[in-house]
Structures are given as C-alpha cells and as structure tokens.
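Trainee: Protein chains in written order, with the numbering used here: chain A, 1 to 571; chain B, 1001 to 1356.
Any given hint could be a false lead.
30 Å max Cα-Cα, derived DSS-like pairs, lysine-lysine [as the list claims (entries may be wrong)]:
| id | chain 1 | residue 1 | chain 2 | residue 2 |
| --- | --- | --- | --- | --- |
| 1 | B | Lys1054 | B | Lys1155 |
| 2 | A | Lys487 | A | Lys364 |
| 3 | A | Lys22 | A | Lys401 |
| 4 | B | Lys1010 | A | Lys107 |
| 5 | B | Lys1249 | B | Lys1297 |
| 6 | A | Lys184 | B | Lys1105 |
| 7 | B | Lys1007 | A | Lys184 |
| 8 | B | Lys1181 | B | Lys1007 |
| 9 | A | Lys107 | B | Lys1155 |
| 10 | A | Lys22 | A | Lys404 |
| 11 | A | Lys106 | B | Lys1010 |
| 12 | B | Lys1007 | A | Lys106 |
Cβ-to-Cβ under 7 Å is the rule here; a few derived chain A residues that face chain B [said to hold, decoys possible]:
| id | residue |
| --- | --- |
| 13 | Lys184 |
| 14 | Asp186 |
| 15 | Glu191 |
| 16 | Ala192 |
| 17 | Ile195 |
| 18 | Thr208 |
| 19 | Pro210 |
| 20 | Met211 |
| 21 | Pro214 |
These are computed hints drawn from the structure, not numbers from a lab. Using N, Cα and C, we set each Cβ at its ideal position, and we do this for glycine too.
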Amino acid sequence: MHSLKLRTPMDPGKHRWFLDPKWIIILAIVGFLLVFQVFPLVYLVFRAFFSTGKFSLEAFKRVYTYPLNWSALTNTVIAATFSMVFGVLIAFPLAWLVGRTNLYGKKFFRTLFVATYMVPPYVGAMAWMRLLNPTVGSMNMFFMKIFNLGSAPFDIYTMGGLIWVLTGFYYPYAFITISRAMEKMDPSLEEASRISGASPLTTLRTITLPMMLPSIVAAALLVFVAAGSCYGIPSIIGVPGQIHTVTTRIIDFVYIGSQEGLTDATTLAVFLMLIANVVLYLSTFSIGKKQYITVSGKSTRPNIVDLGRWRILITLVVIAFALIVVIIPFVTVALSSITVNLGESVFSEGNITWRYWERIFTRKSILNSARNSLITAVMAASFGLLVSCMMAYLLVRTNIKGKKIPDFMITVGSGTPSVVIALSLIMSMSGKFGINIYNTLTIMVIAYMIKYMMMGMRTVVSALTQISPSLEEASQISGASWLRSMKNVTLPLIAPALVAGWFLIFMPCFYELTMSTLLYSTNTKTLGYELYTYQTYHNQQTASALATAILFTVFGINWLLNKLTGGEFSI
Amino acid sequence: MSRIVIKDVKKAFGEVVVLSSFNAEFADGEFVTLLGPSGCGKTTMLRMLAGFEKPTEGEIYIGERDVSSSENFVPPERRDIGMVFQSYAVWPHMTVFENVAYPLKMKKMHKQEIKTLVEEVLETVHLSQYAQRIPSQLSGGQQQRVALARALVAKPQLLLLDEPLSNLDAKLRDSMRFEIKDIQRQLGITVVYVTHDQMEAMTMSDRVIVINKGVIQQIGKPTEIYRHPANQFVADFVGKINFLEATSKEKVLTFKKSGHQLPYDGPLTGNVVVGIRPENIRFVSMKGDFEGKLISKFYLGDVNDCRFDLGGEQIRVIAEPTSFDSSTVGETFLLRVDEYSVFEDDGDDSYTKILT
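Bound conformation, chain B alone (with noise of 0.2 Å):
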C-alpha cells in the first residue's frame, strides 16, 4: 500500500550539492529514520518526499504513484502526506479542532463525519478536552500532540516528522518518543523521521540511514549501526568511541602507540583504525587485553567513566557504577577488550580523539 522508493535522487541548490545519489526502499508500515549532523541533508530529502522541493534528477514513488520524476511532479496537497513541522506549524487564528478538522475540509467530508474522524484522533493523542481551545493556550508538548494529530487525521499514507521533539524539554521529550511510536505501531502507518539525536533513532526506528554531507553512510537496524558501524563517521555519530591507530598483520592488530595488541581474522591488513567502545570495555584481574593506568574517574551514578593512560595513548572506559569506589587515580589495572570495529585508516586523524 505505501511502499516508498527512492531511486537516484540528487538535490543541488544553484552549485551546492546538497544530496547526492539518495536511493532507498521503505517497506510498509516501516519506521525509518534520517540520522545526521545539521545540514547533511536529511531536512532536504524529507521536503523532497513531502513535495516542497523538487529533487534536481531521480525519482520519488509513494505506493505505486510517481510522485516526482523528470516527467511528472505532484505538488504537495495532492500526495496524501501527513507532517508534523519543527516548529509544530499549529495555525494560532484556529481552535485546536479547527487545526484538525483541516486536512478533512479540504477533502470536502460532510461535517458530522469529520467531527467524528477528529474526535477519534484527538482521543489518540489524549486531547479531547482541549478541543476548544486555541494554540496559544496549549503548552508546548500538546500543541506537538495538535500537529501530530492534524497529521494523522486524514489517514495518510506516509507521515514524516520533522524534528518534531527538538523544541520539547528532556523529560517530555522522553516521553513523546514513546507515544509516537506506540501511535505508530496502533496505526501501522509508514513513517519517516529526522532527526540529529542518535537517542531516538536507536529506540524508534526500525531502520536508519546515516547521512553525512549529502552522501549516505549506513542503511540498517539499529543494532548494526551500532555494532558494526560501516565507517568511522558512523561510529563517531552514533554512541562514544574510542579511535586508536594500529597495523594489522598475520591476524594480529599491533597498537602504534602503545605496542597493546588484539586478535584479528577480518580483511584489512597494513594500518588501520580500531573503534572501541568505552562500555565494551571491562576491568579484569586476569587475562587482559590492556594494561593502563588509570589518570581520572567520574561517579555518573550509572556508571564509572574514567580514562587510562596505555602508554603513549588514552582510553575512555565506562565500566560499572561499584568500580569507582574499588580504585584509585594513579594505579594500574588490567583492561579486556569484549567488543571492537576495524577500520581502512583513510588518513583523515579527526576522529583520533579523545571524545567527551
């Protein structure tokens, strides 16, 4: 029914490439999400499916339509779309039914059947009570529920969503990302989401594709992208990692500063990069991997996070909340590596930092 496809679509604004060869599948009733920096493009392939902008060459299909090729372009009222807007986009001169009902008025529905479409949504969104009243009215959190609502009310085929809890306080953004996702899964609905925070991707999505300046870098679950991360900019973006500089020869990945090595059976061979995340790493009274000195340590309540020194290089390792209380700064303790990615070392030492 809503399946979408995305083949070759390529967006330029004057010379400023903005998305380069963007193809992808979503199947029905998927939630995908866009993850990315600000101004990697993802914004811009979200207002190319909602049709506010024309892709300069490919082809968008919602369903089976062609909804936007080198031929054909249907402008945005005509693609059955539902979205929710950053800044929530909740017409302040209407009520919050109004805002609602607006999707079926300009479907012409008779008028008792859209106060009935409207008063189910707006029980979906808990807001039945509050449809008298207007925007301004409203905090926050429930103008984002109008806005969802005005998008779900017309039964579209495909919603996008705009960072739309970027504007919401912590908790309540918390809570929102469940709600959405809970609605989504009642309505089986197709959805695409952006957004630049990795926390609601890796708990909302069914997929997620990584995009980096225009170019896209991983399409997967959550659990791959997390775990085998396809570059180092998906494994820098996406959770903490450690970057260390080593050679892989005979199986084996020798540390260039430290001389530490770790096992290996992968391709690569010559100097790479090892990713290691800070809470794949544990202390261990034998059989370790590492052996560093520990320089500082952090009580997070959650967890121990501290730093090593290995002998020329640092660590971040985030081990269990009781260890902080077991050690002290200046001793040296045994590290076991439990999890690693190995990447092609492409030159570029930007991500051979200490992240915080």
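This is chain A alone, in the form it adopts within the complex (with noise of 0.2 Å):
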C-alpha cells in the first residue's frame, strides 16, 4: 500500500507575513491620495498660520480686515444662502410634480431639468448677461417694448442677477437628489395615509415632505457648496458689477503672482475649505444617517396624484419655468455665435454668419487647447475609472479593514472647492517638496481626479453591490480562476456602469474652468479656459460657438451613453 503524503497547504511553522494584494492596491490609492490632496490642503492650511516660517495671524488679520475681502465673504454666503433657498424652493416641488403627479410631459421635464446638471455653469452666465445687460440686454429691450417702460427692468450685473443666474444652474443638483429619494419612497406610506383619511395635500405635508426632508438638507447644503463655490459665474457676471466672491478674490489673488497675494489666496481659501468640509461633514455623516430605509413590498406604481382641473394651468407653468431657465439661455448663446453685430437682432439684414465657428475649428490656440482638454479629460476619467473599479472591489467583495479611509478621502477631495485643491496643489507641487509638476498637463489629470473621481466610484460601487457574489462563485465552482471569472461574469455585468462612470468623470473634466484658470501655462491651456478668455477679453461669439459647440457634445456623449447602455445611465 502506498502511504501518501499530504502536504500542508501552508506550513504553519513557516508562515511567513506577507503582504495582501488587497493591501498593496489600498497603499497605493492612500499613497497617491496622501501625496496629492492631504499633504496639500494641509500644507495649504499650514501656509496660512505660517505664512513667515514662524505662527502668526497676521496674513488672517490683513486678510480678513480688508473690506473688499470681508465684502467678498459676505457676498459668498449671501449667493450661495440665497441659491440653496431658491434652488429648494424649485427643485421639490419639479420633482414631487414630476414624479408623483399626472403632470403633461414628465418625463420630457425630467430629462430636461436633469440635463441642465451637465451643461457648464458659465454658459448659463453668458447667456444671462446677453439678456438682461441694463442697457443692451435682448430679454430687457423686450420687456421695455412690451410693457412700455423707460428703463431696463432688471439688471444683471447685481447680487440678484447671481443669485438668479447660480439658482438657475444649481437647482438641477437639489432635483436630482430629491428626484432619486422621492423615487425610493415606498409609494404604499403615502396611500396608507391617504386610505386613512388624509386628502393629497395633507399627505403631501403630513408624510412625504417629512419622510424627504433628510434629502432635502441634504439637497440644500449641495446647491449651497456647489453655488458658493462657484467661480465661473460670479467672475462673468458678479465681477463687472464689482461683486466679488471668494472665489474670484482668490484667483485674483494668485494672478498678482507675488507672495503675499498667495498668502492671501490661501487664507480666503481656508474659509471655503473650512465651510465646505463642515457642510458636507453634515450631509454625508450625520443626515446621511438618518435617512429612512423602508421595507418595500412588491413595487406598485407610486400612486399618480390627479392635479384635475389644475393640470393644464400647472404644466403651463412648469412650461414657462422651463423656457425661460433652459431653453432661453441655451438658444441664446446658440444664436449668440452666428451673430456678427450682438448689438442687433440675429435676424436683421446681413447679420447671420458661420465665420465664428469657422474660427473655433481653424484658429490653432483653439485646437490646441481642445486637445489639452481631451488628453486631459480622458486621462483623468481612464486613472479615475482604475481607480474607481479598485475601490469598488474593496468595498463591495472585502472586509478588510482599512477600506474606509481611500473612500472617506475620495469623498473629501470631491467636497473641497476646485479653487483650493487648484490652490493648494500649486503651492505644495512646484518643486518645494521635490515634485515639481507646475505647468504641465499632469497637475490638470492630478486635480481632475481629486475633483471628479468620485461620480465614477459611486456609480461603479451601486452597480457592483447589485451583483450578487454567488454568481461569480458560480462561475468559480465551475472551473473558472478568479481573474476569469472576473473577466466572464463581473465584467459583462458590470460593463455599462464602467461606461457611465467614465464618462461621468471625463465630461466635467473635458470642460472644466475653476482649477484649469489657476493651473494652466501657455502650453496647457484648456477649453473651458480658451472660452473664458474669448469671453471676457477677446470676442463673446467665438465663446459662444465654443460654448454650443461643448453643449452639443456633452448632450451628443449622454445620448450615446443613454443608447449604449439601454437607457440604465444617462446623467
């Protein structure tokens, strides 16, 4: 008889510590994460106490004692306050309209509103400024006609046109995250109350308004960092009305180029870091928390509230609102770039021409900046959707314990401000601490990542939570190594999430303004710096044709993603 020999799997008395691959991939992503955005906010923060190599308040005494600062500050908080009321005050009552209620034409609303997330928060400035300018604006000259009046009824360049021109372009923020909640409520809570005597109204008051209002907050503080962060629109339209924003100041501050203009820049944006992380440690950790998980049964059609004799009235309403907020700006700035005198109508005599868009698609600097912008925008999305698919695995299919801490990072570096990560990665990587990546593409892929990274994380991370691990321990019960199974099942499942996050990523990087306006060197300008620049100094059509040349694509890729994925991702 043969006596077999079975060997130990592992030896116990060599068993050697070894070093989890899971571990290697968490290192690496905190290592980069360290490196690239904690060791620079900090180092920020650090700059503004330590500004003359020793402790010292007097950059936030001079700083803060300056009226045009302490006038930007204020003007910061008042916009964005502002917004967030506004933005609220829309978004729940388009969502509970659009998705509860037997309004016409919801689901072209719905695509509408949700559209206008991804358009570029300065086209909507430039088109705003081209309709209610006090002395030229097209929308103030109509009004002046229609009802017969002396002077231009509004005027753009005030704190109420930013705050008009922010709402209009952050409400989408607050719509979407109600939409989502108001989507996930068990449609059963709102007919138990109905059944129990409650009229719509009441529910409405009773139920479902107290049942979102974690989302709600949640919402709110959104647009509020979104809008108070915002440099795009308060540099087009708050600057010439001499309203100044945190933001503004900062870049301002960074452009005098001297060294106590970047000690000021840091120490303005110590208060928007400070804000922003405060506000989204309350909306992720504490209200996040709190928001109500019911159990649903099987999935009835949530119960369609009948407007009746209202309805007509209502989505005439909701027509209007969507003209003037959407459709308005975008034909405006559509028709802006084939116009060759913007003092007249486009229509006149002679005055339609293509010789602007001939322009964005001849003129070299122009080229060449949309090929920054693509190199850049694909390298950030293709690093981030690595990175995003990593830490997906991580948190999905492990339990290893350190998994937290690159996801907490992430969702700190996609709260802070393009403004101070841009900041904070030019003052710690021009070659002070041995990296000297100022002035090249790579601090832009750097930044964007911080920046953008976490939409594709989110999206990779539901889709995989959806997929039950049994189905690849199938597929490795039935022979398949786990690479294969990966490759086999995961892969195909998970495929058109990849897509989306990718791209979720790569279109606000393709058209970024905020980090591109500090980080950019003649090499490496960026289109949505090349459209600021044609905005502000040079020629508002060449911007325009620019600016409907980004809106027909970022609508062109949602499409595309809407039709490759069978409708599950468009944003």
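Using the hints, put the two chains back together into the complex; each one sits in its own frame.
Mentor: The following block contains the structure:
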C-alpha cells in the first residue's frame, strides 16, 4: 500500500508575513491621495498660519480687515444661501410634479431638468449677461417694448442677478437628489395616509415632506457648497458689477503673483475649505445616516396624484419655467455664435455668419486647447475609473479593515472646492517638496481626479452592489479562476456602469474652468479657459460658438450613453 | 351596514386587460379572500375597492354608497376604509402612537378621545407597551400589528388586507393568521383579504374567490373550493391533485393509459379528466379500485408521501405515516379512491402532470 504523503497547503512553521495584494491596492491609492490631496491641503492650512515661517495670524488680520475681502465673504455667503433656498424651493415642487402627479410631458421635463446638470455653469452666465444686460440685454429690451418701460427692468450685474444665474444652474443638483429619494420612497406610505383619511395635500405635508426632509437638507447643502465655490458664474456676472466672491478674490490674488498675494489667497481658501468640509460632514455623516430605509414590498407604481382642473395651468407654469431657465439661455448662446453684431437682432439683414464656427475649428490656439482638454479628460477619466474599480471591489467584495480610509479621502476630495484643490496643488507641487509638475498637464489630470473621481466610484460601487457574489462563486465552482470569473461574469454585468462612470468623470473634466484657470500655462490651456478668455477679453461670439459646441458634445455623449447602456445610464 | 357590491367591474391598463367583468357581493361582517397566483388581478381589485385605481368599467358600492361608477368616484380618503399594506407602510418618522392616531387626527377628533381610542386598539393588538417606540425599533411582526391597529382605529366599515403576512417568517405567519381572524370576529368587521397562499385562504375565510388571469374561477366556502373545485385550475391551485385522462361512458370512467375503472354518475361523457387528491387514496387489502406498484416513498413525519405506477401512468398518494414501515418499494398494492372530481377535457394537458 502506498503511503500517501499529504502536503499541508501552508506549513504553519514556515508561516511568513506576506503582503495581501488588497493591501497593496489600498496603500497605492492612499499613497496617491496622501501625496496629492491630503498633503497639499494640510500644507495650505499650514501656510495660512505660518506664512512668515512662524505661527502668526498676521495674514488673517490683513486679509479679513481688508473691506473688499470682507464683502467677498459676505457676498459668497449671501449668494450661496439664497441660491440654496431658491434652488430647493424650485426643485422640490418640480420633483414632486414630475414624479408623483399626472403633469403633461413629465418624462420630457425630467430629462430636461436633469440635463441642465451637465451644462458648464459659465454657459448660463454668458446667456444671462446677453439677456439681462441693463443697456442692451435682449430680454430687457423685450420687456421695455411690451410694457412700455422707460428703463430696463432688470440688471444682471447685481447680487440679484448673480443669485438668479446661480439658482438656475444649481437647482438641478437639488432636483436630482430629491427626485431619487422620492423614487426610492415606498408609495404605500403615502397610500396608507390617503386611506387613513388624508387628502393628497395633507399627505404631502404630513408624510411625504417629513420623510423627505433628510434628503432635502442634503440637497440644500449640496447647492450651497456648489454655488459658494463656483467661479465661472461670479467671474462673468459678478465682477463687472463689482460683486466679488471668495473664489474670484482667490484667483485675483493668485494672479497678482507675489508671495503676499499667494498668502492672501491661501487665507481665503482656508475659509472656503472650512465651510465646504463642515457642510460635507453634516450631509454625509450625520444627515446621511438619518435617511429612512423602508421595507419595500412588491413594487406598485407610485400613486399618481390627479391635478384635476389645475393640470393644464400647472403644466403651463412648468413650461414657462423650462423656457425661461433652460431653453432661452441655450438658444441665446447658440444664436450669439452666428451673430455678427450682437447689438442687433440675429435675424436683421446680413447679421448671420458662420465665421465664428469656422474660427473655433481652425484657430490653432483653440485646437490646441481642445486637444489638451481631451487628453487631460481622457487621462483623468481612465485613471479615475481604474481607481474607482479597485475601490468598488474593495468596498463591496472584501472585509478588509482599511477600505474606508481611501473612500473617505475620495469623498472629501470631491467635496473640496475646486479653487482650493488647485491652489493647494500649486503651492506644494512646484518643486518645493521635490515634485515639480506645475505647468504640466499632469497637475491638471491629478486635480481633475481628486475633484471628480467620486462620481465614477459611486456609479461602479452601486453597480457592483447589485451583483450577488454568488454569481462569481458559481463561475469559480464551475472551474474558472478568479480572474476569468471577473472577466466572464462580473465585467460584462457591470460594463454599462463602467462606461457611465468613465463619462461621468470625463464630461466635467472636458469643460472644466475653475481649476484650469489656476493651473494652466501657455502650453497647457484648456477648452474651458480658452472659452473664458474669449468671453471676457476677445470676442463673445467665438466664446458662444465654443460653448455651443461643448453643449452639443455633452448632449451627444449623454445620448450615446443612454443608447449604449439601454437607457440604464444617463445623467 | 357594510355590504359590498362589485358590479361588472373591468380594469385595463392601456391595452392590457387585468380584470374582466368582476361580479361579487360581500355580506356584512364577512371575511372574503381573493386568492390567485401573482399577476392574476387580485391586488388590482383590492386597490379599486380602496380607491387607488379607477375601474375602466363597472360600479362599486360600499354600504349603500356608490363609491365608483361612471358618474361618481370617491377618493380613498373619503371611503372610510382601513387597509394593511404588504410592506406595512408604517411611517418611520412617527412613533407607534402617532402612526395609529393619524386616521383619528384626520377626522379632527378631540385629543383626549384620540388617546382613549388609540390605547384601546393598541391593547387589542398587544402593543400597549410599545406606544412611544419608533417603528425601526420594532420587529416585523410588531410593525405588522401597528399597521393593523392603524387600519382598525377609526372603526372603518371595511378592512382591506393586501398579502399582510407574506413578509413574515413561517411561525409568526401561523400565529398572526389566528390573531387577525380573532380580531375580525371580535369587531365583526367586513374584511377583504388578498393572498396567493391557499393555507391562509382556507383557514381564515368565510368565502374564497379564486381568480386567474383576471377572471373569477370560483366563489365558494373553503370546503366547497377544496372538495368541489369548479375547474382544473381551481383544483390545481388549491391543494395537491393528480389529473388522469379518462373516457366516460355508461356511468363508468375508464382510464386511458392504465385501463382502471371508476364508477361515475355525473353528466359528462366522452373525454374527461379525473382529479384525485393524493390524500383521498388509501391502501386497502381487498376491493381496491386500482392496483399499483410502489415506485418511491418519503417519510414526512405526519404522512407517508408515495408514488405508484398504475401501468402507464403515475399517481401520488399521501398515506398515513405507519404505512411507511409496512411497505417496500417495488411491491404491488391495492388502492381505493374515496373522493374524486371529473372535469371536461379541455385539451390543455398542462395540468396532467405529477405534482410535487
């Protein structure tokens, strides 16, 4: 008889400490974020307090006693607060009308409002300064003619104008958040209220609204931070009217270029970062936990509230809203791009031209910028997606202890205002600490990744969560290796999410303005920055043509995404 | 007081007809169950009673009131109905007390009165000590009882229950079944209960309405439904059954495959299908109707579940547990049939299968 020699899989005596590949992944991601996100941000704060080498509040004293800075602070808080309030006041009724009533054209409106989310905010600013310019704004002229007014009724270069444009471009953030929460809510919670004797309106007030409150607060905070850290809109609308915000002041200070200017910028940035991080903390870590999870039975379609005789009237109001806030601005920008003389109507004699469109496709600097934007966006999206996939795997499929650390860091990164990220990178990555990537495309790719990677990560994570691990296990038990199981089973199933995640990172990077404004050099201008300089210094029509081209690209990609993923993903 | 009349109700979503020509009358205090497979239209019927869906055609009366017809439609909040949802739909932002008090608050009752009534109904569902809890601190069964208390507190004319037990585990489902029945008897309230679980339907109902593909198959007492099913669908859906093809001629049924015979004095002639419930077949030592070879047997504790080959067809028999020890696979036995139903052979042979 043979004596069978059994070899133990791992000799306990020779048990050696070895590095789990999962740990390598975590360490790599954490390392990257530590170097390019945490360290720069910490250094930024450090610099604000140790500007002269030792601890001092000199910089703070100087910055915050300067009246222009004070007004920038108050302006930022006022503009962000009002945009938040108006944004939610618009978004909640819209989300309810679109999701829960028999409003005409619900699907169309939903797509339209969500689509605004993808539009670069500066496009809105460009449109509204054309429409409501106090002397030549076409909408102002229109009102003057109709109501026979002596002077223009609106002036866009005011705080009111700023709030109006900010609201118009950031309410979609709230709309999307609130709509999603409303879709997730079990409709029988509302039905239970109806059967208990409550009218639709009472139900809305006593059940729907309180249940949605955590999501509404989260949505409001999201709008607050987005509006407060926006640069494109206040720089186009605010600055001409002497309304400075923290973001425009920071960029002004950086442009001064002196050591003092940089210190002042830093000091302001610390303020912005503080607000953003406190808000982020509130919305993800405290309110986020309060969100009600409800057991859902079979999926009944949500009970549709009959608007009755108000149906047509309310639909008309929504149409008017869509026209004013979405359609008219886009059309204005598109028309500006083919107008010779902006002072006259586009349809007047000989006022139509394609020369600006020709220009954007031939001028070398524009083509260069487009190439730069394409390269950086593709790189940021690809690396970002790679990190997203690894993070998703770690978060969903493993129980490894440190997995929450990179997740937390990525969340913080995306919650940090763009200006702050860019400034911190400038200060720490220009050779002072052995890394000099200032004036390269690399620094932009890194900045974009820090800001936008989370969108990709969340998409991949939620897709992977929906795939039961037993599907992979079934493949392994059938004889496929772990890697082949991934390739044959998991990958095809999450492919749509991967495509969506990639584009979710790609799109905002492609037309990015704020960070590019701080990080560009002569050879690394981006599309967003190019557009901004044309808008402010050279020729608004060319800027409009560029903006229109960007809009078409963005909508085109979204349409493609919708087709590719069978309607499962689009923004 | 709360007689329910459903007259020619039809419901279509666009082109798809989910319920065709539903006619029924429920007496005051009756416990009626709508039973059928998922997607048969039973929940749609319940939601039309509640007022969440509008019938495409037909009329519904609750008590003497026309709540739904071509001229009239009463919205759910004015129908005076209590309802328990499959997902319980207990509001997570309110305490148990607030949840249950809600229907009374909608009636603008006085605070003190609300307190008395809520305490009373919480007593009935054994939740008195949980009044100040919030729902997430309660178990599934307790949330279920909160939903029940909320549905009962306003003393509605009619109580609707939409698969209320399907999210509970088996033991709890058992005890809740009796509890709901008890409460209904105590309050004498009319109940319409929707389920796909025949056990729930059999144990709780005064009458069962079996529905398939939007059409009522049979209305009757549980015993009638079980012992005299109107057609093969009902026979198949409620309980276990063997279907055997046979021909009926001169008061004798002859089985097509095995050639065995059974007496028959019904009206059907020609091709028929005979339905025999497995528990209605016994082992006998003489005067058997069938002779069959034992193919398999399974000891289930309370019964011996076995299969026989009758010669060309198989039949399932559920025999008493002691027979397990006294029988051997491969042996031949005599079997006697105590009760059976005969159906017209509609050519659809999807029923003539061995049920497991």
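Trainee: Give a verdict on every hint.
Mentor: Status of each hint after checking the structure:
no.: 1; hint: Lys1054(B) x Lys1155(B); in the structure: holds (24 Å)
no.: 2; hint: Lys487(A) x Lys364(A); in the structure: violated (43 Å)
no.: 3; hint: Lys22(A) x Lys401(A); in the structure: holds (11 Å)
no.: 4; hint: Lys1010(B) x Lys107(A); in the structure: holds (28 Å)
no.: 5; hint: Lys1249(B) x Lys1297(B); in the structure: violated (34 Å)
no.: 6; hint: Lys184(A) x Lys1105(B); in the structure: holds (27 Å)
no.: 7; hint: Lys1007(B) x Lys184(A); in the structure: violated (36 Å)
no.: 8; hint: Lys1181(B) x Lys1007(B); in the structure: holds (27 Å)
no.: 9; hint: Lys107(A) x Lys1155(B); in the structure: violated (41 Å)
no.: 10; hint: Lys22(A) x Lys404(A); in the structure: holds (13 Å)
no.: 11; hint: Lys106(A) x Lys1010(B); in the structure: holds (28 Å)
no.: 12; hint: Lys1007(B) x Lys106(A); in the structure: violated (34 Å)
no.: 13; hint: Lys184; in the structure: violated (13 Å)
no.: 14; hint: Asp186; in the structure: holds (5 Å)
no.: 15; hint: Glu191; in the structure: holds (6 Å)
no.: 16; hint: Ala192; in the structure: holds (4 Å)
no.: 17; hint: Ile195; in the structure: holds (5 Å)
no.: 18; hint: Thr208; in the structure: violated (10 Å)
no.: 19; hint: Pro210; in the structure: holds (5 Å)
no.: 20; hint: Met211; in the structure: holds (6 Å)
no.: 21; hint: Pro214; in the structure: violated (10 Å)
When the structure is compared with the earlier hints, violations turn up for hints 2, 5, 7, 9, 12, 13, 18, 21 and for no others.
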